[in-house]
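Peer 1: Given chain V, put chain L in place with the hints provided.
Protein sequence lines, in the order shown, are assigned to chains V and L.
For reference, each letter of the first sequence is one residue, going 4 to 215 in this note's numbering.
For reference, each letter of the second sequence is one residue, going 1036 to 1717 in this note's numbering.
Calculated from the structure, these hints are not laboratory results.
Each residue gets a CB set at the ideal place from its N, CA and C atoms; glycine is no exception.
Any given hint might turn out to be false.
Just some of the chain L residues that point at chain V, by a computed CB distance under 7 Å [as the list claims (entries may be wrong)]: (1) K1190; (2) K1485; (3) D1486; (4) R1489; (5) R1492; (6) F1496; (7) C1525; (8) Q1526; (9) G1527; (10) R1562; (11) Q1564; (12) F1598; (13) R1602.
Okay, the calculated beta carbon distance ranges per label pair [to be verified]: (14) L:R1448 to V:A48: 45 to 53 Å; (15) L:H1192 to V:S185: 33 to 41 Å; (16) L:K1121 to V:S185: 46 to 54 Å; (17) V:S185 to L:E1456: 54 to 62 Å; (18) L:K1485 to V:S185: 33 to 41 Å; (19) L:P1384 to V:N112: 45 to 53 Å; (20) V:K172 to L:E1468: 50 to 58 Å; (21) L:D1498 to V:D31: 15 to 23 Å; (22) V:E95 to L:T1396: 27 to 35 Å; (23) L:K1422 to V:N114: 58 to 66 Å; (24) V:S102 to L:Y1614: 35 to 43 Å; (25) L:S1097 to V:D31: 43 to 51 Å; (26) L:K1408 to V:L126: 51 to 59 Å; (27) V:H128 to L:G1402: 54 to 62 Å.
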Amino acid sequence: MSYAYLFKYIIIGDTGVGKSCLLLQFTDKRFQPVHDLTIGVEFGARMITIDNKPIKLQIWDTAGQESFRSITRSYYRGAAGALLVYDITRRETFNHLASWLEDARQHANANMTIMLIGNKCDLAHRRAVSTEEGEQFAKEHGLIFMEASAKTAQNVEEAFIKTAATIYKKIQDGVFDVSNESYGIKVGYGGIPGGPSGGAGGSPSQGGGCCT
Amino acid sequence: MQETELYDLSDDADYAASQQQQGSASMMRSDSSKRSSSSEPEGAEVVYTKDNVTIHPTQFASERISGRLKLIKQGSSLFMTWFPYKGQSSSARLSEKDMNLYTIRAVPFTEVRSIRRHTPALGWQYIIVVLSSGLAFPPLYFYNGGVREFLATIKQHVFLMRSAEDANVFLVNDLQNPLQRTLSSLELPRAVVAGLPSAPQSLVESPSQEHLKAVGEFHGESSSTFQYGGRQRQKGHDPTRDISIQVLEKFSLVTKFARETSQLFRETHSNGYGSFERKRNSQSAIDYTQKEADPAKKVPNQSFVPSDPLEKKPNIEHNHDEETSALVETFELIDCKEFDKLSLVWGKPRQPPLGSEEWATFLDSEGRVVDAKALRKRIFYGGVEHKLRREVWSFLLGYNTYESTDAEREYQRSVKKKEYEMIKHQWQSISPEQAKRFTKFRERKGLIEKDVVRTDRSLPFYDGDDNPHVNLLHDILLTYSFYNFDLGYCQGMSDLLSPILFVMEDESESFWCFVALMERLGPNFNRDQSGMHSQLFAISKLVELLDLPLHNYFKQNDCLNYFFCFRWILIQFKREFEYEMIMRLWEVLWTHYLSEHLHLYVCVAILKRHRSKIMGEQMDFDTLLKFINELSGHIDLDAILRDAEALCICAGENGAACIPPGTPPSLPVDNGSLYPQPDEVL
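For reference, chain V alone in the conformation it holds in the complex (with noise of 0.2 Å):
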């Protein structure tokens, strides 16, 4: 299927936070409790459609566990956003928040963008973290903020698109080249006639190419 752009995404955040029932649910919209654990890395796909043009969104699943940090770093080249996951209900994956996003900052280009996750908000009767704590945190470090729950589906699917729509605005701003691809962004063959409308220096002809 055509698209006008693929958007690389990576999801990070602590093991066990629900990274990858989040992707679950947002290219399969179902809920698995009893997904096998993520080693190294694992991929999902969804079309979705932002100002009447149809986006690829390639996810990168990540292992969560320390150990695995060294080989996750490798995974930040080229992703043009990043969902950072965390478990309102364990207070440590919060904690952690600060050096998954010196990682981030360190590994992925400046210009990614960043939504932040509090996932399981199905159980707020467990809750460990607060919304405002999440806010806050958010606002200090410049990303994007939501609750939301893999299992209900609640703001997945929002999270995602919302994501999208940031980095979509960044490209009609003209802060990405969109033919350098190490932003985490491919132009398709999925009629953007003209070009990208105020996009900086991107041309259809010259991304044209890459679209798988």
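Peer 2: Below, chain L without anything else, positioned relative to chain V:
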């Protein structure tokens, strides 16, 4: 350029702590009488020595390993070595085995890409050495200072340039600059590290380039004619190179014949390749070349016959000289007698799994395995019937010795059961009050609890709520994390344990078999990933040896870190095959019949199967990673094992030399005992 900061300390909680303990550095005085006996390359000059250069393998101050860093000049090559001091009191918890793991044995600077200097305002300066493959050594902390001097010394001997992007990164032999590239290819001699002869880089420029391209297509369906003209060997100049060409020529043979080649190699090379017992320790560069020279002489020329016997007649088209024609006949003779013409896969055909009746023939009246090697060979070629696995795996894993009798094993079972219960009791007796004050315990337990419920739950054996087997996974892993508290628990272990529990069923027996497996694969889970990096490094060397065009492709596309093989290696292909197939693969790997590193050849075999697609579609790192991930469930195990077998045999000693000593699953070099740290808990 993919600059992976593998050992960044941003997540090293211990680093802050270390800064407060700087005083203790003075207690770690060097003791020259304890210096490592490992020798420098012959005729070498030590141009820099620094004591108390230390590695922090874990976050525990007690487990740091101090050693001596040296720069050694030999001819026009510069090498770096770092040897841990022997018998450090500060690291009593570390075995020699662990210390050896980190030893840096003569790394030539031709293989170093960059050195990153870290000069924190507080605490020790340290450096991280990154190899051209993208792999890196753990940070080396200079307790006595001397980083500046270290860099200055290097600069005197090799081309060292400060990176334009980061003033703390020093690029070694930066080949971006065309002039420098030329210089380095002219001046830097082939670095033959003791026991680690490097792969045939010089082939790139050799007259046989065309030939190599043809060779590269060996597994393919390529029916294109074979470039025979490039065969003339340049005698005497570079033995390593000649050997490499031979290896590659053997491949070309395989390509053309696409058949039972492993048998052929076993026969033609019975002297050179008969024994796969390596003695890398003593293997100097010199005896390496000597060893290889002999079989080279014995290799009958028919190895190079370009025609395809499948065509039933000599392919005269590109055989012009009499010698070759004559040899074709010789070869066809062998061919008719020995080989199965119908087979289109190479490597020996797989056999049916070992069954009960045949198994009985391997045992004497008291239950000893009479001929362990024959048994391992049999299993290598066919695996084991499922109902026998419980018995046979305990031998393959080294939990039971082949020499043991039924009675001895029965006795051991009861002894080991008690021992297991004792270790298990250690964590079972931790009260909730105690746990509150035992963060490490709570964290590990929590992690294991989270992971066992995400391990193979789609299998009937592990499915459903409150599945007792899931609880067993939990108990065994937590007990293991007490048995080997240093290693603890790491994700991936549950994948390794799951089939073992499925086969053994018994809790204690599963635990001990898992322990035996982890003796070999434990380094896969080292916090600094050193075990993983040494294996990924070995794969890169093997691909360089066995498929130079593919190696060059990876090099050009920044894929040399081989991270796309990470999952394969970490959990031994567990996620790539169906359950039954993974048990088959594991028992074959565990035989260590041709090589204890067959799994690395399996990696190469899979990559080779897809080489045309990878290169044809110009896959970049991301695409390649995704492609490799998606091979899961689509790999033909039998075909891959045959490929891997053939690759392993063809690579022979050259292949073995690509794999650094101590690379998992090898037991570390200086340590023969299976349980070097029994019950070193808490």
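Peer 1: For this structure, which hints from the list above don't hold up?
Peer 2: The structure conflicts with hints 1, 6 and 22, although it agrees with all the remaining ones.
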